[in-house]
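Take each chain as given, in its own frame, and dock them per the hints.
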Amino acid sequence: MNGFGEKFYQDFIQDDRWKFIVNGLKITLIVTVFALLIGVTIGILVGIIRCAHDQQSGKELTGFKKVVLNILNGLCHVYLTVIRGTPALVQLLIMYFIIMVSAKSKVLVAVLTFGINSGAYVAEVFRGGIMSVDKGQMEAGRSLGLSYVQTMTKIVLPQAFKASLPALVNELITLLKETSICGYIGLNELTRGGDIIRGTTFDAFLPLIGVALIYLAIVLLISYLFSFVERGLRKSDQH
Amino acid sequence: MISIKDLKKNFGDNEILKGISYEIDKGEKIAVIGPSGSGKSTFLRCINLLETPTSGQIFFNGEEITSPETDVNRVRSHMGMVFQHFNLFNNLTIMDNITLAPVTLKLKTPEEAKETALTLLKRVNLSDKADAYPSQLSGGQKQRIAIVRSLAMNPEVMLFDEPTSALDPEMVGEVLEVIRELAESGMTLVIVTHEMGFAREVASRVLFVDEGIIKEENEPQAFFNDPKDERLREFLSKVL
Numbered sequence: 001m002n003g004f005g006e007k008f009y010q011d012f013i014q015d016d017r018w019k020f021i022v023n024g025l026k027i028t029l030i031v032t033v034f035a036l037l038i039g040v041t042i043g044i045l046v047g048i049i050r051c052a053h054d055q056q057s058g059k060e061l062t063g064f065k066k067v068v069l070n071i072l073n074g075l076c077h078v079y080l081t082v083i084r085g086t087p088a089l090v091q092l093l094i095m096y097f098i099i100m101v102s103a104k105s106k107v108l109v110a111v112l113t114f115g116i117n118s119g120a121y122v123a124e125v126f127r128g129g130i131m132s133v134d135k136g137q138m139e140a141g142r143s144l145g146l147s148y149v150q151t152m153t154k155i156v157l158p159q160a161f162k163a164s165l166p167a168l169v170n171e172l173i174t175l176l177k178e179t180s181i182c183g184y185i186g187l188n189e190l191t192r193g194g195d196i197i198r199g200t201t202f203d204a205f206l207p208l209i210g211v212a213l214i215y216l217a218i219v220l221l222i223s224y225l226f227s228f229v230e231r232g233l234r235k236s237d238q239h
Numbered sequence: 001m002i003s004i005k006d007l008k009k010n011f012g013d014n015e016i017l018k019g020i021s022y023e024i025d026k027g028e029k030i031a032v033i034g035p036s037g038s039g040k041s042t043f044l045r046c047i048n049l050l051e052t053p054t055s056g057q058i059f060f061n062g063e064e065i066t067s068p069e070t071d072v073n074r075v076r077s078h079m080g081m082v083f084q085h086f087n088l089f090n091n092l093t094i095m096d097n098i099t100l101a102p103v104t105l106k107l108k109t110p111e112e113a114k115e116t117a118l119t120l121l122k123r124v125n126l127s128d129k130a131d132a133y134p135s136q137l138s139g140g141q142k143q144r145i146a147i148v149r150s151l152a153m154n155p156e157v158m159l160f161d162e163p164t165s166a167l168d169p170e171m172v173g174e175v176l177e178v179i180r181e182l183a184e185s186g187m188t189l190v191i192v193t194h195e196m197g198f199a200r201e202v203a204s205r206v207l208f209v210d211e212g213i214i215k216e217e218n219e220p221q222a223f224f225n226d227p228k229d230e231r232l233r234e235f236l237s238k239v240l
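So the sequence lines, in the order shown, correspond to chains A and B.
Note that the working numbering has the first sequence beginning at 1, numbered continuously upward.
Note that the working numbering has the second sequence beginning at 1, numbered continuously upward.
Chain B on its own, in the form it takes in the complex (with noise of 0.2 Å):
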């Protein structure tokens, strides 16, 4: 579904991503770890083009996005991307945080927008903010409604990058929650965190990013329990 092939990034003379080649089929769950500035968060905002890649390719349904003639909006409203600092636009309500894009983009009338949105916030229990501004919000729930936004585009994968790092400890389990059961619903997911147990249960794969290069790549038991690469053992064993 996503083809990464010799994916470089550069900022300045600052190389963050030495080439990175990884392949991810529709309804894996991806999980990437490694230690800060490694420049995990830095890989998942080039799959989404955020960030645009200093050389190397990236085909998503076997489109290069990576082209210049790519049209990138229209690839970004199928991929949602949940955010470390959630980024709910402050000047909407929720219902309209939620509603904006698919109605913008005309893929949906503002009714079923609406109607879409509604049924959406009930699945993560946050009905009664409809109307709420996010300044209203804890950040648990900001988190939640954001991955409620990303939803309403009917995305074909969520990006997550660290997206419990922000929280409080409290409320952390709630979030992580909502993308357990995204993971089970059979989403494609990729997600940058710092959630070892989380990694571990959710996950298909895990990649150990660090130094701009994936060090290693393996299912979660494996990857845990018989890590192979120097620098992934010296991390597990500080983090775990």
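So here's chain A without its partners, still in its complex pose (with noise of 0.2 Å):
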């Protein structure tokens, strides 16, 4: 026990080395996040732009509109095979290296790299969300006279950010642990942080352990406070 008690002073307390644990974790925080927020707004416009091509093709549009809806479509078709085609690891590296060689931050860079890559498979769920809401409701809010964006945005998009919630939740899962990569472009961020540590007192034990337990920290928590959003959203579904 007291070899426990010592190698914990060696790797946390003593020169203050928890720090590179606090630091790392609040530049994994805001990456996360700014990435959540970017990565949502693509989301949701890639996913409705394939949507609103796949079910309005042959219909209605003509002319001027069918065609940016269509080129708008192809470059949504192309962001989606490249960025699931390829490693974010492999993206953040051309991000750093060759995109934005002369940028200043790099919490910019990951942030930029992941709300992007993120983007695309919120598109997806995004897509399945709306797929999944039965075509009876846009077809109920049309003959109203209600719109297209009218109709999405009151009836369909609500109930297919409903059905995409878990899968959502869950690319904000992958999305938190994915951003320890940033360590290959010299962020410190949470993973990192361990890491610097263990390099420091040569103790890999409990800086690694430690950084796991975060991380599973995070998740739990974020899984905990979905499942009330959830919940509460689930109002309708009562029978």
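One or more hints might be untrue.
Unchecked claim - Straight-line distance between alpha carbons at most 27 Å, and here's what the computed DSS-like set of lysine-lysine pairs gives:
1. A:K177 to A:K26
2. A:K235 to B:K114
3. A:K7 to A:K19
4. A:K66 to B:K8
5. B:K106 to B:K129
6. B:K8 to A:K65
7. B:K106 to A:K65
8. A:K135 to B:K8
What the hints assert, rightly or not - FRET-style restraints, in silico, Cβ to Cβ:
9. A:T41 to B:E112: 32 to 38 Å
10. A:G128 to B:N14: 27 to 33 Å
11. B:F11 to A:K26: 53 to 59 Å
12. B:E156 to A:V229: 40 to 46 Å
13. A:V68 to B:A222: 50 to 56 Å
14. B:N14 to A:S227: 45 to 51 Å
15. A:V68 to B:N10: 24 to 30 Å
16. A:Q56 to B:S21: 26 to 32 Å
17. A:S227 to B:H78: 42 to 48 Å
18. A:G232 to B:T70: 37 to 43 Å
19. A:G128 to B:I213: 36 to 42 Å
20. A:V101 to B:K106: 48 to 54 Å
21. A:G74 to B:E211: 37 to 43 Å
22. B:E201 to A:R84: 56 to 62 Å
Stated by the list, open to error - Simulated coverage check for chain A against chain B, where a stretch passes if three residues somewhere in it have a Cβ under 8 Å from a Cβ of chain B:
23. 135-143
24. 151-162
Hint data in this document are derived by calculation from the structure and do not stem from the laboratory.
Just so it is clear, the structure is predicted and the values come from calculations on it, not from any experiment.
All C-beta atoms, glycine included, are put in the ideal place defined by N, C-alpha and C.
Dropping the structure here:
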């Protein structure tokens, strides 16, 4: 037990090494939250464009609008293919060493990379959610004289969002854990914080297990919080 | 009021409507019957442009609504539609289901819309369901709400697409009763139905649609008692 106490002191207390963990956690959370915001925004837009294209082709739309929608749908297709077809780590390295080579902030590089990456997955989750809403809902809205956009925002999207929520939470959890690769561009997030301590004290066990436990705790907290949100959204399902 | 000229509709290579022409006057109650797959639902859905006709014209109060310049949303706001599967908005309460369209389209203030909704709910004996969600209602209740939702827009014509086909037999009566009252109030109706007794009783004209065309059209007594078309005779002998 004495050995444990000594190691704990060395790993976390001595020279304020706990700061590597706390500051790392801060970076991890910042990257996750902002990437999530970007990801959900991109995801909703791309998901809607893809669905609008699939549902509206051959219907109603004519001329210019149809061309624009086709072009947007093509761009979305390329985006989804490229992002989902390459590893996030490679995307991060390309962003850091090629695209944003003059960027001063590594956090910004990470936020953009993970936002763009996550957007592709959220888009597909959202598309699935929209597809899962019975098409009678759209028809009923349209038959009352509501426009496509009005019916989408007031009727279809709220239901699609509810249907997608479990998969969105899953994506959030994946995103949180995936930010651990930021160490590759020298960003001192949580994982790298633990690794720096390991490199200094030559003790692998406590820093790495500690880091793992922190990830686990955040994931549990996210699951717990969203179980309340889901319960709230389920109020229209009571029988 | 509604004038349909040589209406055709294809789904891919499948020709569903092969040229339908018909005139519907204000206050008429048109029942459309026919075997499944005959195109009768497609015919109804073309009238409010939920299906875009492949060719032909439809006029509503003299305006050609099949023309590309027509604002379909405005046209649809004057035509109510009731679906086989009700299609109530699952994420909204009954009250919000009814008030959403009039309020969103700025035809009524939220207060006015609510007042209208309560009056209409009273008419179908469902005042106590205003705050319920659709999932808490029976099929018959849902369909009555769906009718109320359409009526809240003050439509000039109501289109019914097999309104009782998805209901348990014991609930058919309560829905037909609401439609009957609506008919008596002078509303123009087009109803696709398998309820022959109801068609005979309520309709002013009955259409037999088969193989994408109107095979026979008459007032109900003659239509049911003295059918001319061979296919219609065969059809009636099976369903009556």
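Cross-check of the supplied hints:
no.	hint	result
1	A:K177 to A:K26	holds, 14 Å
2	A:K235 to B:K114	holds, 22 Å
3	A:K7 to A:K19	holds, 16 Å
4	A:K66 to B:K8	holds, 23 Å
5	B:K106 to B:K129	holds, 25 Å
6	B:K8 to A:K65	holds, 25 Å
7	B:K106 to A:K65	holds, 26 Å
8	A:K135 to B:K8	holds, 23 Å
9	A:T41 to B:E112: 32 to 38 Å	holds, 36 Å
10	A:G128 to B:N14: 27 to 33 Å	holds, 29 Å
11	B:F11 to A:K26: 53 to 59 Å	holds, 58 Å
12	B:E156 to A:V229: 40 to 46 Å	holds, 43 Å
13	A:V68 to B:A222: 50 to 56 Å	holds, 54 Å
14	B:N14 to A:S227: 45 to 51 Å	holds, 47 Å
15	A:V68 to B:N10: 24 to 30 Å	holds, 26 Å
16	A:Q56 to B:S21: 26 to 32 Å	holds, 29 Å
17	A:S227 to B:H78: 42 to 48 Å	holds, 46 Å
18	A:G232 to B:T70: 37 to 43 Å	holds, 42 Å
19	A:G128 to B:I213: 36 to 42 Å	holds, 41 Å
20	A:V101 to B:K106: 48 to 54 Å	holds, 52 Å
21	A:G74 to B:E211: 37 to 43 Å	holds, 40 Å
22	B:E201 to A:R84: 56 to 62 Å	holds, 59 Å
23	135-143	holds (count 7)
24	151-162	holds (count 5)
Checked against the numbered hints above, the structure violates none of them.
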